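Listed in order, the protein sequences are those of chains U and B.
No gaps in the numbering here: position 5 of the first sequence is 5 in the working numbering, and each next residue is one more.
No gaps in the numbering here: position 283 of the second sequence is 283 in the working numbering, and each next residue is one more.
There could be a bad hint or two in this list.
Just so you know, same-sequence chains aren't split out, so a pair can sit in one copy or run between any two.
To be verified - Simulated crosslink set (SDA-like; lysine to any residue; CA at most 25 Å straight-line):
#1 K263 - G108
#2 K42 - D89
#3 K147 - I41
#4 K263 - V171
#5 K42 - D297
#6 K264 - S109
#7 K264 - G108
#8 K42 - G77
#9 K274 - G295
#10 K175 - M1
#11 K147 - D26
#12 K293 - C47
#13 K274 - H50
#14 K147 - G77
#15 K42 - A123
#16 K183 - L245
#17 K147 - D40
#18 K14 - Y27
#19 K183 - G164
#20 K147 - Y25
#21 K42 - E194
#22 K263 - S109
#23 K42 - S109
#24 K147 - C289
#25 K147 - S162
Don't read these hints as lab results, they were simulated from the structure.
All values derive from a computational prediction rather than experimental measurement.
2 protein chains.
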Amino acid sequence: MRIDRLCEAINKTKCPVCVGLDTQYDYLPEEYRTSVENPDIKTTAECVYHYNCAIIDAVSDIAPSVKVQAAYYEKYGADGIRCFHDTMDYASAAGLVVIADVKRNDIGSTAKAYSEAYIMGSAADFITVNAYLGIDGIQPFLDDCGKTGKGIFVLVKTSNPSGGEFQDLDVGGQKLYQTVADKTAAWGAALIGEYGYSAVGAVVGATYPAEARELRDRMPNTFFLVPGYGAQGAGADDIAVNFDLNGFGAVVNSSRGILLAYKKEQYAGLPADKAARQAVIDMKNDIFCALQKRGIDL
Amino acid sequence: MRIDRLCEAINKTKCPVCVGLDTQYDYLPEEYRTSVENPDIKTTAECVYHYNCAIIDAVSDIAPSVKVQAAYYEKYGADGIRCFHDTMDYASAAGLVVIADVKRNDIGSTAKAYSEAYIMGSAADFITVNAYLGIDGIQPFLDDCGKTGKGIFVLVKTSNPSGGEFQDLDVGGQKLYQTVADKTAAWGAALIGEYGYSAVGAVVGATYPAEARELRDRMPNTFFLVPGYGAQGAGADDIAVNFDLNGFGAVVNSSRGILLAYKKEQYAGLPADKAARQAVIDMKNDIFCALQKRGIDL
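Same shape as in the complex, but just chain U:
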């Protein structure tokens, strides 16, 4: 099961970090851009791909996983989607666990088509999904996860400021995201791997640490994909609560903090790939210290 591979990779690297490839052409350092002033979309997408490959090469021995955010590729149309798949193929070949951040959701027959696209038809080991349509929009993914050993991360408590607008609504003594959490745990109960974690994980934003702490207790067999570290404002202390007492159970995503590390003063003089690598190492140490404060040894 891919969830076991993720746990093993974290165990090996001691680095519960997910490198977020939310790559936009604007993010690219000069040397990865084309010399043409207004490049066409195909060239743009190719430049993004080459930057992604450089980042993957720079981190593949120290990080367990990447998350590729579909939106940044979809805006380049068919060429972008080719880049999206090529990036996932490259990351997978480099030994990284690949999360396709697509947040897909639809009625059953259409969810099945999405599952064909991403669970059955891509190099992704995991995809993110939105559960607003209930179980029959999730079941096709579960069926294909059962067949392939792949997994999903269900949006439970998102990292954005207005995440609570609906997610925090009281639904009879608990909040909506807690009900989504309970369902997520139940949906994953039949797909638990060797490390005690299910192929059905949850997206739990780093920016709401109190809620994350409660969710960690609430869903002990659910692995967390944790966005919101860095650019979105959460620090390592905020994210430490997402881990279990063995230092397992979560992988923390950072996108801009790694892709744009070369622009930071602390990494001045480093080429972009080396800056990205150092940002991953610094993030790993940051998380390591925060876990130690909680008495957890990774």
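With chain U's structure known, arrange chain B on it following the hints.
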């Protein structure tokens, strides 16, 4: 505003029908397939495109709109996405109002990328979105709708059997979908067109007519995109409640009922495009009669 164009097109055709292009290669009649046994993806996507064009040609003078479901194209990767965009371009050039059914959702910065992909960067007049992340995942779309005159349809009450699993939860005296409905109406209040309908519409499933009737009263300025007619089980009487007393305010989608009409006994002998056209006409008449029963003259 595109919402006005949609109202005008419905007024002109007297046909509040959206032709759903959820096209899969399996759906294609023999004459639209390639003679190759296991065609490659590029050929597959091209065949789908040609079938879509034939359907569009067959209905563009009698129907106001098409809905193109992204999932069925994403499963063919980059070639599928090219087909998705080409189909929207073709439908738009044929004068149809185009709805990209993508159900995208993400945090603000990523929602902005999705908006660049589909509001700013495609021929779609409308896209569907999922509001689980609250306003800051919606705002980028609203901003671009303000700039372009385009619109969105927010998932409120979906047509699938488990739609109520979360959507019907009681959130303090009303149901979650009603709260999503109220927010949707509020988000669209600044974008109301000449016909009294907002650029911010709602997806309201035909399979829950009692809820749809209540929503029609609850959000008088919100246009409804109504899936669930035909293959999903709803009939014309079920969908009549989505319309206002002037016969406006809703467009009813049918996908399989039109794309696969050529397989139905009642259209035996007709080529697929003619069968699709006749299915649209029959659906129009079906809705017309149901509206007349309610005293509404289209």
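Hint check results:
In this homomeric assembly, K263 and G108 come within 25 Å of each other (Cα to Cα) only across copies, at 22 Å, whereas the closest approach inside a single copy is 44 Å. Proximity of K42 to D89 under the C-alpha cut-off of 25 Å is found in both arrangements, the shortest distances being 18 Å within a copy and 19 Å between copies. For the homomeric pair K147 and I41, the shortest alpha-carbon distance between copies (23 Å) is at most 25 Å, but the shortest distance inside one copy (36 Å) is not. Proximity of K263 to V171 under the C-alpha cut-off of 25 Å is found in neither arrangement, the shortest distances being 45 Å within a copy and 45 Å between copies.
Taking the closest pair of Cα atoms, K42 and D297 never come within 25 Å of each other, the shortest separation being 46 Å inside a single copy and 51 Å across copies. Taking the shortest Cα distances, K264 and S109 sit within 25 Å of each other only across copies (20 Å), while inside one copy they are farther apart (46 Å). Proximity of K264 to G108 under the C-alpha cut-off of 25 Å is restricted to the inter-copy arrangement: shortest distance 23 Å between copies versus 45 Å within a copy. In this assembly of identical chains, the alpha carbons of K42 and G77 lie at most 25 Å apart whether taken from the same copy (9 Å) or from different copies (15 Å).
When the C-alpha separation of K274 and G295 is checked against a cutoff of 25 Å, the pair qualifies neither within a copy, at 31 Å, nor between copies, at 71 Å. Proximity of K175 to M1 under the C-alpha cut-off of 25 Å is found in neither arrangement, the shortest distances being 31 Å within a copy and 38 Å between copies. Only between protomers do K147 and D26 lie at most 25 Å apart by alpha-carbon distance; the minimum there is 22 Å, versus 39 Å within a single protomer. Proximity of K293 to C47 under the C-alpha cut-off of 25 Å is found in neither arrangement, the shortest distances being 41 Å within a copy and 60 Å between copies.
Proximity of K274 and H50 under a CA criterion of 25 Å is satisfied intra-copy only: 15 Å inside one chain copy versus 48 Å between copies. Within a single copy, K147 and G77 get their C-alpha atoms only as close as 30 Å, which misses the 25 Å cut-off; across copies the closest is 21 Å, which meets it. In this assembly of identical chains, K42 and A123 lie within 25 Å of each other by CA distance both inside one copy and across copies; the values are 21 Å within and 19 Å between. Taking identical chains as interchangeable, the C-alpha atoms of K183 and L245 lie at most 25 Å apart only when both belong to the same chain, with a minimum of 24 Å there against 40 Å between chains.
Only between protomers do K147 and D40 lie at most 25 Å apart by alpha-carbon distance; the minimum there is 24 Å, versus 40 Å within a single protomer. Within a single copy, K14 and Y27 get their C-alpha atoms no closer than 28 Å, and across copies no closer than 49 Å, so neither meets the 25 Å cut-off. Taking the closest pair of Cα atoms, K183 and G164 come within 25 Å of each other both inside a single copy (18 Å) and across two copies (13 Å). Proximity of K147 and Y25 under a CA criterion of 25 Å is satisfied inter-copy only: 23 Å between copies versus 37 Å inside one chain copy.
For the identical chains of this complex, K42 and E194 are neighbours neither inside a copy (43 Å) nor across copies (40 Å), given an alpha-carbon limit of 25 Å. For the homomeric pair K263 and S109, the shortest alpha-carbon distance between copies (19 Å) is at most 25 Å, but the shortest distance inside one copy (45 Å) is not. Taking CA atoms no more than 25 Å apart as the test, K42 paired with S109 passes between copies only; the shortest distance there is 23 Å, against 32 Å inside one copy. Neither within a single protomer nor between protomers do K147 and C289 lie at most 25 Å apart by alpha-carbon distance, with minima of 39 Å and 47 Å respectively.
In this homomeric assembly, K147 and S162 come within 25 Å of each other (Cα to Cα) only across copies, at 23 Å, whereas the closest approach inside a single copy is 36 Å.
In summary, the structure is inconsistent with hints 4, 5, 9, 10, 12, 18, 21, 24 from the numbered list given earlier, while agreeing with the others.
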